[in-house]
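Generate coordinates for the entire structure from the input sequences, incorporating the hints supplied.
There are 6 protein chains.
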Amino acid sequence: MPSRRDIRPLDALVSPRFTQISTYARLPYERDLTDIDVAFVGMPFDDGTTFRSGARMGPAAVRENSRLLRPYNMFVDVEPYATFNVVDYGDVDIIPGSFDRTAESISHTLGPILDNGTIPLICGGDHSITLPALREMRRVHGPVNLIHFDSHFDFWDAYWGQKYTHGTWLRRALEENLLGHVAQAGIRGPQFSPEDLQFPRDHNITLQTIAEFHMHGVKAVMSTILDAIPANEPLYVSWDIDVVDPAFAMATGTPEVGGLTSWDAMECIRQLQGHRLVGIDIVEVAPPYDAPGATTSLLAANLFYEALSVMAKNTDHGIHAFRGR
Amino acid sequence: MPSRRDIRPLDALVSPRFTQISTYARLPYERDLTDIDVAFVGMPFDDGTTFRSGARMGPAAVRENSRLLRPYNMFVDVEPYATFNVVDYGDVDIIPGSFDRTAESISHTLGPILDNGTIPLICGGDHSITLPALREMRRVHGPVNLIHFDSHFDFWDAYWGQKYTHGTWLRRALEENLLGHVAQAGIRGPQFSPEDLQFPRDHNITLQTIAEFHMHGVKAVMSTILDAIPANEPLYVSWDIDVVDPAFAMATGTPEVGGLTSWDAMECIRQLQGHRLVGIDIVEVAPPYDAPGATTSLLAANLFYEALSVMAKNTDHGIHAFRGR
Amino acid sequence: MPSRRDIRPLDALVSPRFTQISTYARLPYERDLTDIDVAFVGMPFDDGTTFRSGARMGPAAVRENSRLLRPYNMFVDVEPYATFNVVDYGDVDIIPGSFDRTAESISHTLGPILDNGTIPLICGGDHSITLPALREMRRVHGPVNLIHFDSHFDFWDAYWGQKYTHGTWLRRALEENLLGHVAQAGIRGPQFSPEDLQFPRDHNITLQTIAEFHMHGVKAVMSTILDAIPANEPLYVSWDIDVVDPAFAMATGTPEVGGLTSWDAMECIRQLQGHRLVGIDIVEVAPPYDAPGATTSLLAANLFYEALSVMAKNTDHGIHAFRGR
Amino acid sequence: MPSRRDIRPLDALVSPRFTQISTYARLPYERDLTDIDVAFVGMPFDDGTTFRSGARMGPAAVRENSRLLRPYNMFVDVEPYATFNVVDYGDVDIIPGSFDRTAESISHTLGPILDNGTIPLICGGDHSITLPALREMRRVHGPVNLIHFDSHFDFWDAYWGQKYTHGTWLRRALEENLLGHVAQAGIRGPQFSPEDLQFPRDHNITLQTIAEFHMHGVKAVMSTILDAIPANEPLYVSWDIDVVDPAFAMATGTPEVGGLTSWDAMECIRQLQGHRLVGIDIVEVAPPYDAPGATTSLLAANLFYEALSVMAKNTDHGIHAFRGR
Amino acid sequence: MPSRRDIRPLDALVSPRFTQISTYARLPYERDLTDIDVAFVGMPFDDGTTFRSGARMGPAAVRENSRLLRPYNMFVDVEPYATFNVVDYGDVDIIPGSFDRTAESISHTLGPILDNGTIPLICGGDHSITLPALREMRRVHGPVNLIHFDSHFDFWDAYWGQKYTHGTWLRRALEENLLGHVAQAGIRGPQFSPEDLQFPRDHNITLQTIAEFHMHGVKAVMSTILDAIPANEPLYVSWDIDVVDPAFAMATGTPEVGGLTSWDAMECIRQLQGHRLVGIDIVEVAPPYDAPGATTSLLAANLFYEALSVMAKNTDHGIHAFRGR
Amino acid sequence: MPSRRDIRPLDALVSPRFTQISTYARLPYERDLTDIDVAFVGMPFDDGTTFRSGARMGPAAVRENSRLLRPYNMFVDVEPYATFNVVDYGDVDIIPGSFDRTAESISHTLGPILDNGTIPLICGGDHSITLPALREMRRVHGPVNLIHFDSHFDFWDAYWGQKYTHGTWLRRALEENLLGHVAQAGIRGPQFSPEDLQFPRDHNITLQTIAEFHMHGVKAVMSTILDAIPANEPLYVSWDIDVVDPAFAMATGTPEVGGLTSWDAMECIRQLQGHRLVGIDIVEVAPPYDAPGATTSLLAANLFYEALSVMAKNTDHGIHAFRGR
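Chains as they are written, first to last, in the numbering used here: chain C, 1 to 325; chain U, 1 to 325; chain W, 1 to 325; chain H, 1 to 325; chain P, 1 to 325; chain X, 1 to 325.
Among the hints, a few may not be true.
Which copy is meant is left open, so a pair is good if it fits within one copy or across any two.
With a cut-off of at most 25 Å between alpha-carbon atoms, the simulated SDA-like pairs for lysine to any residue come out as follows [as the list claims (entries may be wrong)]:
#1 Lys163 - Val14
#2 Lys163 - Phe192
#3 Lys219 - Leu114
#4 Lys163 - Ile229
#5 Lys219 - Ile229
#6 Lys163 - Glu176
#7 Lys163 - Pro71
#8 Lys163 - Pro9
#9 Lys163 - His108
#10 Lys163 - Gly180
#11 Lys163 - Ser107
#12 Lys219 - Gly117
#13 Lys163 - Asp11
#14 Lys219 - Phe75
#15 Lys163 - Gly111
#16 Lys219 - His317
#17 Lys163 - Gly142
#18 Lys219 - Thr209
#19 Lys163 - Arg17
Read the hints as simulated data drawn from the structure, not as lab findings.
Listed below in structure tokens is the structure:
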């Protein structure tokens, strides 16, 4: 365990919430990771998007709308900053127009974070950024188990001949042997063909469509998913904000009606307690399409906070997310 | 059955979803109905509106936000374009300022569509357009059974002495003997007087207010409604988007809080499988009041797709929507 | 009982809903309270806000979006204007920049309303206005029981040394002995520390967080709350609109994801039937952050209408909200 | 002259501008016109619109955004409320869906106002309302001279066979002999055909397109116009807000780029000093399309104030707008 | 000259402007270019953007907001559809994520259009699409003269090592010898260094910054520019919408304050009469950032119309835009 | 002069403009002022506002929309970061609800900045923050000359008895003898009474209303103003964003139509070259009312940059803004 540096968010009882520089949860912006347990890192790339662009503005908006987060999570019953040193690491210098170079840049930035034993809270950008993130996860942890919350399968082979997009990363990740067990949750919307449903079967993916959520509820769905994932193996969560219904998260590039509520979303993450969560990304927040009060970015900020809380709670219970720590 | 012309939406793997001319579901714009089974047709009239105008912009917005629809409905398990030739027929040339002349124009356009044996997906416009649509339905099918999803009763006698508005069409339709059995679902909001509740009783209308949905769920409500409607009789659905809660469908002229979710709405339509659905209208989408990401139009586009899927599934099971086909 | 003056909203069948001066529910604007049972009164103060300002625009927006309200509540089965003379009293002349002087102005305006035996429907403004409202309630009724719907506790001691803010009013009210039994419902979001949960215990507050709503439903939660409050004692409801989820009520100053639906909110109020409701405030509607269709203000307008309906229903059943009436 | 009742707007130093009921310029809402010189009256009809609807919301929005108006116009150097008793008369009960009945209702309401010797500030609604307004003007004053500020000619014969729309009122007014001399100012945008330019010549209309404004400036244009209009004859101004560029007035139904600035617009009206201005309408403000800060409604509120100032200044100089006064 | 096919926009006196499928100026969507003189073609690529993405939505929005265009331009005094057969050709199937493949696709689509002797009205997308357009222009016409309206120079060598972006296309075009004489107009905003001003001098570019517009006016600036360009040589105009001030055109990716008005913009294009205009692009319209009334798209639609009018006027005067026609 | 630390904004050719933490002009966030010449400092207080609140969000929005600023100002011909070390100092910890305590906090923060010889770029918040800023200016420089750009006089004695608001700070500053010569520029909108015009005369204020700008242009107006201010005396500029027309700067609390363009605004500041500018504030940017593309914040960011450029240019010419430097 790193020593406690007692890093705290700006005190809202001193500096009102709307004041001072915008960082995630009003934590310090810090590039020195000595003793840092968890780091928020933005990956504002959106050239992998097949419909509405705008996810490049995600990290800035999530930071701005994380100003309301306070330090005690009463539903998880944990004070994450008492357990962890957490900072905002800033963004990866992504390369608009080039997925390949962006992927290199992500590796270049995320690699040392992971090597340092710091757990990343990764803020997209579009879903294509998950592939380079998983490459680094694989390098450090070996194949990671994955829970993929999304309204889309994201396992198509190519769009317009492009192999690296926000709709193909999962197939690439499987081809590159980056993953252990995979679960997909919240899938809905029209598909290309009935064959789409065969892919999960062929790849031993635990599939829980949105219909399972509506029929059985979050706890049952998460139980089905988590039963297939050993708790002590490294688990990565990739969360596409479009798994949430547009009423609760309208600001996204390929919205699908009929999704999760905001409470459902938080509950999904809370159910991960006890599992060795080594990283999470939340992607596809496209702020130009958000409500006047920025409700989507607000939700994303809260989902990161729930994940951070689960990580802290786990650590408090002796479940460490990293080797050697 | 018409022969298969194998009409398909533009391929999103060739032309990205945000490219090319805006038609419903990226289907061809086509006025020649030879062998066409289903046609999307807009009726952008909004002079029947009693509060916020803007529904005249509905068809354009629903088209624009139908770009994400893909060809396989996994929850209904059907590929509608494999069963049906579907096109976008464009709009009726409505006459702003005159309901009477608009009603004539609707008859003039919709009549030949129905006579051709083509099932219409009718996009309003305000709810007053349902009356001329029902007149043509009556002419072709005889009195049709009607399920009316709405937060309002729409059976008042007149507004300011006007007999043809979005709040009076149902009384006119009853007076004109256009209808068989009628069900109303989702009614809520304050009413004019307790006598309003007497009208459904007097007219043998199956009434399921929103309270029934919240207490018993979609399946129970739909079962109650459908039990009263013989499956082999022609069924018309008139869907006022304001039956959905403003959180999910804010862009409408007379919004009422406390409504259906987007998933509820889709489920309502999916429950129609097995019933001889001869047409549907979705009305009262008022795009000037929509969220930045156009979530209401997106939902309407999906509800049409669910109806199309039900129609296709029915046809696959030998339930044909039209006489002689 | 005052004699019936038969005050009615403007008739929408004569003056369309979008016409004429904007008052609550299209009721008369009236400062003479002779025989007036219920009065809508705005308190547009927002200097007590700790994050986004804008609640000063609340009363104007709630009035504008109350145009759709009709005179019969079918779920409560009551015609409030048949029971009550109701008017829009206008706003308190609040003093931007001074809570103290605003509190005096509120007392100066609200006092005579209460002394007249008129029940107030109080529209904020931020939550700090509840303190002076409760002072007048205390003066007239003695300590009132309070149900506080909110996502926040609002019992902190001070913000930046300021003792009178939208987050401290409840502590002040307790210190000033204004209250009988207190219940808090809908609390959620991150908190400052675990000690926050001790305060309700120390003050014998019935606490029902949002988790209770999601687990047990509105009826069970309200039953728990109301069981602790004698029905014949004066009950005041303070409703922070942020208890509702931002999907249904985005326009508020300190939004928290994961809240009530609009139907839940209406149901909470309907459950108050049979309790001696002597006043209600709905606060923290911040219109600059509302959806294009003003859904938050629309919801607030409806919640006031539900409260009015409960009051009328109670009166019809002999439960009078005021001494001597 | 009526006796002075010393009617004043609400004092912003007592009631902050954002408080209290929304009326034009925070003047009293009053239907008794005894001694009233000027009355703001809304005509929220928008069924005459050929493109975007929404002008029915104009009067409510103009009222709400007139809260900033103060009582001294320093550029005209006049205190209008020291000269005039001014009130907000509310709206005409227009009839959605029927121009004919709306025209009757306008006559029914406006007639007595004019007969009372009260000058109307008429707030649309779409431009079709000008025709019934001019009928009453003609009845009271005889044919009035007209300055028509607009980006469109509005003299087409019919749209879709409809003779009474926002694009045909001027031809009808000419056919009905309601007008004396006519000037048109600000015309721009593409036209139907070169013949459109023949109509003004055939009808002796003083035509100043927007090109004249851009080349010669407001003073020169207004001088050209006013030279053709005897100062002592009754003059009516019909102001379509779309004569202003969408940058300054985006909220309108048929916007045309390349228009006046807001200062130009105010200057146009100020140049009317010395002319016997007997009424003005400002039409086509369509609030659903306005900027977040409602800049179009704000401009319209100010243009009415400039007209009121000119009327007051004229009166101060002995130029009375009405017979017998 | 092609024979006249008498292609006309949909008649607004039959089909109201808000009805029917959305194409540029309500012209037919047509891929057969036989006898077609001018074609609107969209190039919705936005991966070359360095700040806000969203220009991929440009063509759809420009089409939707071109519904108000009528067939006679009174300021140019021309009826373009009487001279030309004009159609909407749809969009190039661009490839998100790959400039190289998109450039190929543009060549593949634009080449045959130019070879057919059809003048393109090219709607971006971001400014990177101008490079492949110029390549085809060069292939057909030889080096073309270029007037580049923009607030940015766009001649930087690379961004983040990327050579093909919306800020580098002009340097690439010069390196590839695609251009004859070049003029830049409207440049403003902060620059990278004083050396930026040396580049135009080194490349014999006629530079007219925005300061020249504000000091001397549109006519003088355009005269300076056009004096350096022989009228009989092919001239291409590349118009970045951000040359217009954000007040008039807010929806763009890299806005700079202090720009042209909408009237200035139209005047710039009208001044091109007499010059052999062989094509125009209008780029960088980013609809997610537009005003509620879509004023930026509306302006772009009008600027295309002005260019079309100039082309038609030229043709009427014997100035043909293409060799051999 | 401080030694050069060569502080530069983040390089946009390395980190794309939309990436990384949001600070003014992408400069470092820094609280150590050693060798710092200029510091951006936010004062996000908005309780002094008399109409629309929201200016508390100003500094965050101005920072976010300053991402496009590049390092060379070609119209002033200066590279400010080559002359100056500039940083973002963050915000003053203002106290919502208390002007007095906020004023103390401003003094507490701004005092050491000034004592350090650092020139502040002060970002409001509402205009009331100018008073404490001027107090510190007075303490360090003696009475400063003031140019006050605004559409309002701001010299009223009190609002609702409150002496410290955004409309009274100038009278307080005069009473407290903080000022030397005062000029007011851009005043417009209706006033309270003709006496308002007497105040400038009585206090020897150079008054240039907006009419002077429209009649004579920026250069003439600024020449009139600057002729009365000795160039070598310390000059403070207080810029209320509402002096700009709402078309260019809609996001403000008390907008007045008929104002400056964005180019005019920049030109006003550029005319200050040669004058010893010791500080500037830009106030009243209220982001909740901004356009979708945040054009008002963008303008404010640019106006600060113009002021910074003028300061750097002056320094390059030996005009130092501070004593002893």
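Output the indices of the hints that this structure fails to meet, ascending. 3, 4, 12
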